[in-house]
Amino acid sequence: MSTSLEDVVSLCKRRGFIYQGSDIYGGLAGTWDYGPLGTLLKRNIVKEWLKFFVDGWEDMYQIDSAILMNPKVWQASGHTETFNDPLIEDIKTKKRYRLDHLLAENGVEDVDKLSFEQMVQTLKDKNIKSPDGNELGNPAQFNMLFKTSVGAVEDDESYTYLRGETAQGMFTNFKNVVDSFYPDIPFGIAQVGKSFRNEISPRDFIFRVRELEIMEFEWFIRPEDWEKYFEKWQKDMLSWFKKLGLDEAKIKVHEVPEQDRAHYSKRTVDFYFDFPSLGFDEIGGLAYRTDFDLKNHQEKSGKNLEYRPKDGSKPFTPHVIEPTFGLDRHIMAVLSNAYSKDEQGGEERVFLKLPAHLAPVKVAVFPLLKNKPELVAKAREVYKSLQKQESGEVMWDDNGNIGKRYRRQDEIGTPQCVTIDFQTLEDDTVTVRNRDTTEQTRVKKSDLPARLK
RNA sequence: GCGAGUGUAGUACACCGGUAGUAUGCCAGCUUCCCAAGCUGGAGAAACGGGUUCAAUUCCCGUCACUCGCACCA
1000 MSTSLEDVVS LCKRRGFIYQ GSDIYGGLAG TWDYGPLGTL LKRNIVKEWL
1050 KFFVDGWEDM YQIDSAILMN PKVWQASGHT ETFNDPLIED IKTKKRYRLD
1100 HLLAENGVED VDKLSFEQMV QTLKDKNIKS PDGNELGNPA QFNMLFKTSV
1150 GAVEDDESYT YLRGETAQGM FTNFKNVVDS FYPDIPFGIA QVGKSFRNEI
1200 SPRDFIFRVR ELEIMEFEWF IRPEDWEKYF EKWQKDMLSW FKKLGLDEAK
1250 IKVHEVPEQD RAHYSKRTVD FYFDFPSLGF DEIGGLAYRT DFDLKNHQEK
1300 SGKNLEYRPK DGSKPFTPHV IEPTFGLDRH IMAVLSNAYS KDEQGGEERV
1350 FLKLPAHLAP VKVAVFPLLK NKPELVAKAR EVYKSLQKQE SGEVMWDDNG
1400 NIGKRYRRQD EIGTPQCVTI DFQTLEDDTV TVRNRDTTEQ TRVKKSDLPA
1450 RLK
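Counting the first sequence from 1 gives a position; this note's numbering is that position plus 999.
Bear in mind the hints are in silico, worked out from the structure with no lab data behind them.
Please read these numbers as outputs of a predicted model, since none were measured by experiment.
Misleading hints may appear alongside valid ones.
DSSO-like, lysine-lysine: derived pairs with alpha carbons at most 30 Å apart [stated by the list, open to error]:
1) Lys-1234 - Lys-1046
2) Lys-1387 - Lys-1146
3) Lys-1174 - Lys-1046
4) Lys-1340 - Lys-1294
5) Lys-1146 - Lys-1242
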């Protein structure tokens, strides 16, 4: 039996990785809450990502920009325009169509240059029917951006949007970062944070959600270098997925054809992961955004966003390569990839084969018996000293019997468990048990930290 | 957003127009107990709201959530 998404979802809930958002009130579609273990897993993935793409790079700057931004940002970026899908409904079949697509199919030229009102007028003038020949209802604008009100009084002037992507924070801070650090080109601005999209239908656990977390960076380059860096980052992105421990056979690279690309992109490559139940779908992407964003912000803000080379050559607007990583989808991929079953003593065992560097709990410590104070005291001692070295990713468990504790740790992917028994009291050795093989070895207590690596 | 389906302990499932049962997990205790052992005890559920009815978890309607198809996914 292969793993289904339901298996993963139910383990996530049962073991405290991920819960339905607003659970006790019946939920809110497209929102999920990370429990203690999910939060640790997320933290570890972000930590690794920063280590891989940001830290130790002289020319990479991490920022943390505001979720609320001046609405002009979203006009400049094109999101208030193109994030808007004009939808129209066939009155009879209730099927929905994109108004702009419908017009184009009916021979209207330059549809993308028409405003919403103009599209509606054209539709009426040409008396266009649905593809099934039925009358159409009233077209409506569907905007993916969440509108929100700023300040005490709600009026037309007071609204803005929750950011639909983190990227704009990097573009609006381009000048600030350049002025503070004078980086040599090429250089990058990175960010990890939440974005909000009013998806029509959130689906598939944390795959398509209304509140999502993205790790990404904008890599600013000379226009003539774009192909070179596109190749470089594509290669690095593949190494990253390997670093996460994802099976190579479950990763696919997909060249996005022109008609499917975002309005700002000249070339896009998507990375697909083979999710349980869903099959191959997007986990990250790499886009060449040209100078679309900086140019537009320059025009709309009236500020000079050109880069001045240090050799005194002609200033220019940098182009951008953008590697982007869906954090929630990473978590779903890592958990699905790790979900394993085998047989132990004639019984089925479920365990998470997480890479040690991602596991939310690195090591668990048990006293063999909890009603023997001398065992418990010794075990507490080991627990405390390990906790110091593993910065909190150590778990204590003295409940039930030893077999149950091993199974519990298996299910949350703890790579190793340490058990303190009567022999420990005599010779200071402990048992270290391996998650994947269930094998045990006796180890000197003093050698522990090293042995756990 | 449309169409169809589902909604019962943490999880996975039963049953029922007369207030819910199983498995497993969980908690406490006993047990020199190393792979979900055993024994004893315990906590824990009808998504929310309305209607029909003497009585609704059960039938009907609405809302919400989830699943599957369609559309959407900048």
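Hint check:
| no. | hint | result |
| --- | --- | --- |
| 1 | Lys-1234 - Lys-1046 | holds, 20 Å |
| 2 | Lys-1387 - Lys-1146 | violated, 45 Å |
| 3 | Lys-1174 - Lys-1046 | holds, 27 Å |
| 4 | Lys-1340 - Lys-1294 | violated, 53 Å |
| 5 | Lys-1146 - Lys-1242 | violated, 38 Å |
Of the hints listed earlier, those the structure fails to meet are numbers 2, 4, 5, in rising order.
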